[in-house]
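Work out the full structure, taking the sequences as your base and the hints as a guide.
The chain contents come next:
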Amino acid sequence: MGDAVTEAGLKPWFPWPLARWRWWTESVPAERVAALRIVTALVLLFDLLACYLPHFVTLFTADALGGRDLYAGRFRADHAYWSALRALPDAWGPQALFAVWVAGAVGLLVGWRPFVCGLVCWACAVSFWNINPAPHNGGDRLRHTLFLMVACSASGAVWGVSSVRSNTDPRPVMVPGWPVKVLFVQLAALYLLSGYYKAISPQWRSGFVMYWASHDLYWSLYPGTAARLPVWLHQFSAWITLVWELGFPVLAVLKGTRAATLILGVIFHLGTLFTLDVGAFALYSVACYTAFAPWERLRRPFGTTARRDESPPEAT
Amino acid sequence: MKDAPLPTSHAKSGPLPWLVGLFALWQVAFPVLANLWEFVPRRVTPADHYPELSNTQRWGTFTGIEPAQRASEIAGDVFAFWGEVTGLKQGWNMFTPDFPPHTVVPVAELHFANGTTARVASRFAPADPDRPQVRWPLVHDREFNYEANITMLGWHADEDTVRAKPDVWAKFPDRVRDNNELFAHWLAWKMRTHLTANPGAPEPVEVVMIFRYIPTRLPHEAADAPRRPAFERPAAKWYPGGPRAPGLLALEGFDPVAKRFVPLKAVTQP
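Chains V and X are the protein sequences, given in the same order.
Each residue of the first sequence is one higher than the last, beginning at 1 in our numbering.
Each residue of the second sequence is one higher than the last, beginning at 1 in our numbering.
Treat the hints as calculated values from the structure; they're not laboratory data.
Accuracy of the hints is not assured; some may be wrong.
A partial selection of chain X residues facing chain V, derived with a Cβ cut-off under 7 Å [stated by the list, open to error]:
| # | residue |
| --- | --- |
| 1 | Pro17 |
| 2 | Ala24 |
| 3 | Trp26 |
| 4 | Pro31 |
| 5 | Ala47 |
| 6 | Lys89 |
| 7 | Trp92 |
| 8 | Asn93 |
| 9 | Met94 |
| 10 | Phe124 |
| 11 | Pro132 |
| 12 | Pro137 |
| 13 | Leu138 |
| 14 | Asp141 |
| 15 | Trp189 |
| 16 | Pro219 |
Every residue gets a Cβ at the ideal spot worked out from N, C-alpha and C, and that includes glycine.
Next comes the structure, spelled out in structure tokens:
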């Protein structure tokens, strides 16, 4: 590549033979992790301001559904759970840490010291999750990986106030790609395991699980509409989910099926967002997918045309 | 057009790239290994008993060779430690094994000293099961998650299932005790909601959590067919005045087999 690109971020050292494994060691265009950072920050800000804040007093004070002793057993000596809220006074600790969390999210959004802001968001997320896991679900475990990888991904190299690209040096910027690979492996493990447990369930294999789920007056967001859909459509959606989850680790790697698999993933998560009360799980999952899209196509051309050796890399 | 090869990382020497490389390798291996290790049976320790045994971990032994079993359990401890420290806990089995053929909604029933009662419903309870309203996603999602952690404990406790598995459902009070803070906080919160909405109302002497089961129409039934009748069952009872005897929780669990409330001992966690 020579001088055609600028390299940003700390390149990790890997032992042989991993150092020669291109999938693992390749750099990725900085726009991909910058987009990951921005979308993650937007989703987080929405979660904080629209989902947490209106219920904050209810969820995190001892007079309602929270308090430091709600899950006191979680902090026993034979476990490693922790929360900054255990060290802060009840009177103002939750509010103060929440404000820090919002500030961290804003920092990520504008790309100001994204390593520090990413770690702040991760620490705040873990603190609130541990002090009261009940208002959280699997999507919140996924977001911990997301925040850590955003922090590690040199995501401020472009599209942010810490950007290394300047008007005088418009060369494409590449960053280490391993955080994107970690996100992919985490998603693949999540889908494969969930698919396995679905595959051994008779109700999932028969497809009727989606009939019961979409008609559940508590879990379904639109049970009245679901009742007007044919039963076979509910079954079909269950089977598609099952096949897609089990196939994701392979289909999302193969070049011929990658794009369709990732697009189906986004559709799947957005579909569950608007049909079932899965909450922020759908949003954080979609945020992860941001890293797999070729955002570098939005880059201003370097010179008259982009060089052939700057072609978009594999998405995963 | 074939994609050109990407530049690969060539790290400078020094401890920092080495440490970052080690961290990266651990992070990419962790989701795979931690999930795989859940299929390797391990022996239960006191640390595994909070709040309940994981339902994704296999329990027991996989070999009679003690050093091999012990080594596997130590590896599992390392994965569990990392999952707890970082919040990256694994074990994914969402929406499994199944959904029940009915809706379960919680109700707080306040019992007053004069024998009267009042009810406080969940915000997610349908006002009319035959004309359910569309709900916006995300708006009350956090509160929903809290409640769902309670209602899912009684998800499958319909009469037929309880009759078919009495040994399982007779232990329901144990599950209430494992989650006693969850139940007690929700019931206390609903009681305060009632008292705030009704200034001057007396404080109840007990608050009962009731699970209301609303059957779903069967797949072959018409969309406007009469719905099978809903039924209710208590799940727990909370005493606002505190435990009724030393050594007990202020919460009782309902045994759906014996059809009675069971006092719950306050267990000191190991």
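Now the hints, each set against the structure:
Taking 7 Å as the C-beta contact cut-off toward chain V, the hint placing proline 17(X) at the interface holds, the least distance being around 4 Å. Hint on alanine 24(X) holds. Least Cβ distance to chain V is approximately 4 Å, under the 7 Å limit. Because the smallest distance between the Cβ of tryptophan 26(X) and any Cβ of chain V comes to about 10 Å, over 7 Å, the interface hint for this residue is violated. Taken as an interface hint, proline 31(X) checks out: its beta carbon lies about 4 Å from the nearest beta carbon of chain V, inside 7 Å.
For alanine 47(X), the interface hint holds, the least distance from its beta-carbon to any beta-carbon of chain V being 4 Å, beneath 7 Å. Interface hint at lysine 89(X): satisfied, since its Cβ lies 6 Å from the closest Cβ of chain V, which is below the 7 Å cut-off. The criterion of a C-beta within 7 Å of any C-beta in chain V is met by tryptophan 92(X), whose closest approach is roughly 4 Å, and the hint holds. Below 7 Å, beta-carbon pairs count as interface contacts, and asparagine 93(X) has one with chain V at about 4 Å; its hint therefore holds.
Evaluation of the methionine 94(X) hint against chain V yields a held restraint, the C-beta minimum of about 5 Å falling below 7 Å. The restraint placing phenylalanine 124(X) at the interface with chain V holds, with a minimum CB-CB distance near 6 Å, inside the 7 Å limit. A hinted interface residue such as proline 132(X) counts as satisfied when its beta carbon comes closer than 7 Å to some beta carbon of chain V; here the least separation is about 5 Å, so the hint holds. Contact between proline 137(X) and chain V, as hinted, is supported at the beta carbon level, the nearest pair being about 5 Å apart and thus within 7 Å.
The restraint placing leucine 138(X) at the interface with chain V holds, with a minimum CB-CB distance near 6 Å, inside the 7 Å limit. Interface hint status for aspartate 141(X): upheld, as the beta-carbon distance to the closest one in chain V is roughly 3 Å, under 7 Å. Interface restraint check: tryptophan 189(X) against chain V, minimum CB-CB distance 5 Å, threshold 7 Å, status holds. At about 5 Å, the closest approach between the beta carbon of proline 219(X) and any beta carbon in chain V falls short of 7 Å, and the interface hint on this residue holds.
Against the hints set out earlier in the document, a violation occurs for number 3 only.
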